[in-house]
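J.: Here is how the chains run, residue by residue.
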Amino acid sequence: ILNVEQSPQSLHVQEGDSTNFTCSFPSSNFYALHWYRWETAKSPEALFVMTLNGDEKKKGRISATLNTKEGYSYLYIKGSQPEDSATYLCALGSSNTGKLIFGQGTTLQVKP
Amino acid sequence: DAGITQSPRHKVTETGTPVTLRCHQTENHRYMYWYRQDPGHGLRLIHYSYGVKDTDKGEVSDGYSVSRSKTEDFLLTLESATSSQTSVYFCATANRGPQEGQPQHFGDGTRLSIL
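Residue numbers (our numbering), protein chains in the order written: chain A, 4 to 115; chain B, -13 to 101.
None of these hints come from the bench; they were simulated from the model.
Certain hints may be false.
[What the hints assert, rightly or not] What follows is a list of derived Cβ distance ranges for each label pair:
1. G49/B / G57/A: 23 to 31 Å
2. Q112/A / V74/B: 19 to 27 Å
3. G26/B / T25/A: 17 to 25 Å
4. H(-4)/B / E73/A: 42 to 50 Å
5. T(-1)/B / K61/A: 43 to 51 Å
6. E0/B / P115/A: 27 to 35 Å
7. E18/A / V74/B: 23 to 31 Å
8. K62/A / S69/B: 37 to 45 Å
9. G49/B / H15/A: 35 to 43 Å
10. E65/B / E18/A: 48 to 56 Å
[Unchecked claim] Coverage of chain A stretches by chain B, computed from C-beta distances (three or more under 8 Å per stretch; other residues unrestricted):
11. 18 to 26
12. 43 to 52
13. 101 to 113
For every residue, glycine included, the Cβ atom is placed at its ideal position computed from N, Cα and C.
Looking at chain A on its own, in the form it has when it is part of the complex:
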């Protein structure tokens, strides 16, 4: 059974702080790494999908990097805002089957 680990489990920061979280995964049979943003009482929304070692993606103040050889991805938020408060999920596509294995998420709370 593949294990996708996210750390930290939760994070509290002040408005304006920059922060980052980690997603760790088995590096064998890697196909793709997904990041989703999940606000309370809503459904998950896709942020990034990365497939190549060294990939870097950016959307506004949020960016992500990927290291498939060592099995990790970082998600960065620059200048956190209260509206960034959400749970951030990573998910691994590790075979050619169509399945995604999700981590348990990092819950971010940004205080004004």
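Put chain B on the given structure of chain A with help from the hints.
T.: Positioned in the frame of chain A, the structure of chain B alone reads:
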């Protein structure tokens, strides 16, 4: 998002009764998924479909069955509901598989309580 409708949105039922949840999409996406969300577990895959009548098991498939007779509909059935199946169920769709770099699009969820 991606024209995904889950029904019902909320349901309360009793142990031992059959329950069917429906996911309907209007985007002609090939892949459809059923997940359950539980505290401390994130999203766990129950079953998924990679085409009409083509389905496969996920991590937590015991006690669940699925059917996909049309591209737009993916049904999840609990043959005899148990209290451990109380959860929030999410449907997701994708145009291609996650391994091909395509994101999944999620429905709004169905909150199921089994008493």
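J.: State the violated hints by number, sorted upward, taking the hints as numbered earlier in the document.
T.: Those not satisfied are hints 1, 6 and 11.
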